[in-house]
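> Listed below, chain by chain, are the residues.
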Amino acid sequence: DAKTTQPPSMDCAEGRAANLPCNHSTISGNEYVYWYRQIHSQGPQYIIHGLKNNETNEMASLIITEDRKSSTLILPHATLRDTAVYYCIVRVAFGNQFYFGTGTSLTVIP
Amino acid sequence: EAGVAQSPRYKIIEKRQSVAFWCNPISGHATLYWYQQILGQGPKLLIQFQNNGVVDDSQLPKDRFSAERLKGVDSTLKIQPAKLEDSAVYLCASSEQGFDNSPLHFGNGTRLTVT
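Residue numbers (this note's numbering), protein chains in the order written: chain Y, 1 to 110; chain P, 1 to 115.
Next comes chain Y alone, as it looks inside the complex (with noise of 0.2 Å):
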């Protein structure tokens, strides 16, 4: 079962950073935070993952707080191909449960 709480839809302007919210209040110390996106007719694609410290690649950055119960993911710069349905998933250390929640559909505007 989806352990993440995350807002159904957002905007953002094009060029702006996009900052989607995940709320996983329940996380556990060995459990980690993945984020993946999904574009229409496509599969999922990973994004980037944490555990407790930020983390940052060449798509976006992970923030997680210092409490572990949320974390935003940062898109710096969005551009329209950015718009895409954004998924917040937590995972267990070494575990096999990856479970997807209903995501947050992002709308880049031009």
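Keep in mind that the hints were calculated from the coordinates and are not lab data. Each residue gets a CB set at the ideal place from its N, CA and C atoms; glycine is no exception. Any given hint could be a false lead.
[Stated by the list, open to error] Restraint-style ranges between C-beta atoms, simulated for each label pair:
| # | chain 1 | residue 1 | chain 2 | residue 2 | range |
| --- | --- | --- | --- | --- | --- |
| 1 | Y | Glu66 | P | Thr113 | 27 to 35 Å |
| 2 | Y | Val92 | P | Arg9 | 29 to 37 Å |
| 3 | P | Asn51 | Y | Leu80 | 40 to 48 Å |
| 4 | Y | Ile39 | P | Ala5 | 46 to 54 Å |
| 5 | P | Asp74 | Y | Pro110 | 38 to 46 Å |
| 6 | Y | Ser41 | P | Thr115 | 15 to 23 Å |
| 7 | P | Gly72 | Y | Gly15 | 25 to 33 Å |
| 8 | P | Glu14 | Y | Gly15 | 42 to 50 Å |
| 9 | P | Pro8 | Y | Lys69 | 37 to 45 Å |
| 10 | Y | Ala13 | P | Asn51 | 42 to 50 Å |
[Unchecked claim] Heads up, incomplete: computed chain Y residues facing chain P, CB under 10 Å, no partners named:
| # | residue |
| --- | --- |
| 11 | Tyr32 |
| 12 | Gln38 |
| 13 | Leu80 |
| 14 | Ile89 |
[To be verified] Keeping only pairs whose Cα atoms sit at most 25 Å apart, straight-line, the calculated SDA-like set for lysine to any residue is:
| # | chain 1 | residue 1 | chain 2 | residue 2 |
| --- | --- | --- | --- | --- |
| 15 | Y | Lys3 | P | Asn101 |
| 16 | Y | Lys52 | P | Ser27 |
| 17 | P | Lys44 | Y | Glu31 |
| 18 | Y | Lys52 | P | Ser102 |
| 19 | Y | Lys3 | P | Lys11 |
| 20 | P | Lys44 | Y | His49 |
| 21 | P | Lys44 | Y | Gln97 |
| 22 | P | Lys11 | P | Gln41 |
| 23 | P | Lys44 | Y | Gly50 |
| 24 | P | Lys62 | Y | Gly101 |
Use these hints to put chain P onto chain Y, whose structure you have.
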């Protein structure tokens, strides 16, 4: 690196017919997953393989769905007989080990329509 390959891309069948989907994971990936994604919902895990053994099939409707990964590489998912509610996209994913926090990599899925 080649991604996860799935076929067919689309399939239309009538209810009570049978259908099979094929998945070829990324080379060297030991863990393979099948997900079902109904329109407007997130993907739902059906079954997970580690090499050729089943790790988790708790959400697989075993009265009509079956899956195999005989040689620990390719996998097939079968539905027999299909129902209208099986209309969905069937996604295959793979990861290096499955128990090492390596991310899942997904194929683009097979869109099944049952009429």
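> State for each hint whether it applies.
To see whether the hints hold, each was checked on the structure:
The hint said 27 to 35 Å for the Cβ distance between glutamate 66(Y) and threonine 113(P), and at roughly 47 Å that hint is violated. In this structure, valine 92(Y) and arginine 9(P) meet the distance hint of 29 to 37 Å, their C-beta atoms being roughly 33 Å apart. The hinted range of 40 to 48 Å is satisfied by asparagine 51(P) and leucine 80(Y), whose Cβ atoms lie roughly 41 Å apart. Checked against the hint of 46 to 54 Å, the C-beta distance between isoleucine 39(Y) and alanine 5(P) comes to roughly 18 Å, which is inconsistent with it.
Range check, aspartate 74(P) to proline 110(Y): about 43 Å between beta-carbon atoms, so the 38 to 46 Å window is met. Take serine 41(Y) and threonine 115(P): their Cβ atoms lie about 20 Å apart, and the range 15 to 23 Å holds. At about 46 Å, the beta-carbon gap between glycine 72(P) and glycine 15(Y) misses the expected band of 25 to 33 Å. Separation of glutamate 14(P) from glycine 15(Y) is about 49 Å and conforms to the stated range, judged on CB atoms against 42 to 50 Å.
About 43 Å separates the C-beta atoms of proline 8(P) and lysine 69(Y), a value consistent with the hinted range of 37 to 45 Å. Range check, alanine 13(Y) to asparagine 51(P): about 47 Å between beta-carbon atoms, so the 42 to 50 Å window is met. Taken as an interface hint, tyrosine 32(Y) checks out: its beta carbon lies about 6 Å from the nearest beta carbon of chain P, inside 10 Å. Taken as an interface hint, glutamine 38(Y) checks out: its beta carbon lies about 8 Å from the nearest beta carbon of chain P, inside 10 Å.
The beta carbon of leucine 80(Y) is not positioned within 10 Å of any beta carbon in chain P (closest approach about 20 Å), and the interface hint is therefore violated. Given hint, isoleucine 89(Y) at the interface with chain P, holds; its Cβ is 9 Å from that chain's nearest Cβ, closer than 10 Å. For the given pair, lysine 3(Y) sits about 17 Å from asparagine 101(P) by alpha-carbon distance, which is consistent with the 25 Å threshold. A threshold of 25 Å between alpha carbons decides the hint, and for lysine 52(Y) with serine 27(P) the separation of about 31 Å lies outside it, so the pair is violated.
A C-alpha spacing of about 19 Å is found between lysine 44(P) and glutamate 31(Y), which places the hinted pair at or below 25 Å, so the restraint holds. A distance of roughly 16 Å separates the Cα atoms of lysine 52(Y) and serine 102(P); the hinted pair therefore holds under the 25 Å criterion. Our distance criterion of 25 Å between C-alpha atoms is broken by lysine 3(Y) and lysine 11(P), whose separation comes to about 33 Å. Distance restraint check for lysine 44(P) and histidine 49(Y): the Cα-Cα separation of roughly 20 Å lies within the 25 Å cut-off, and the hinted pair is therefore satisfied.
A distance of roughly 11 Å separates the Cα atoms of lysine 44(P) and glutamine 97(Y); the hinted pair therefore holds under the 25 Å criterion. Restraint check for lysine 11(P) and glutamine 41(P): satisfied, since their Cα atoms lie roughly 20 Å apart, inside the 25 Å limit. Taking the CA atoms of lysine 44(P) and glycine 50(Y), the gap is about 22 Å. The hint holds against a cut of 25 Å. Simply put, lysine 62(P) and glycine 101(Y) have alpha-carbon atoms about 23 Å apart, close enough for the 25 Å limit, and the pair holds.
Checked against the numbered hints above, the structure breaks hints 1, 4, 7, 13, 16, 19 and satisfies the rest.
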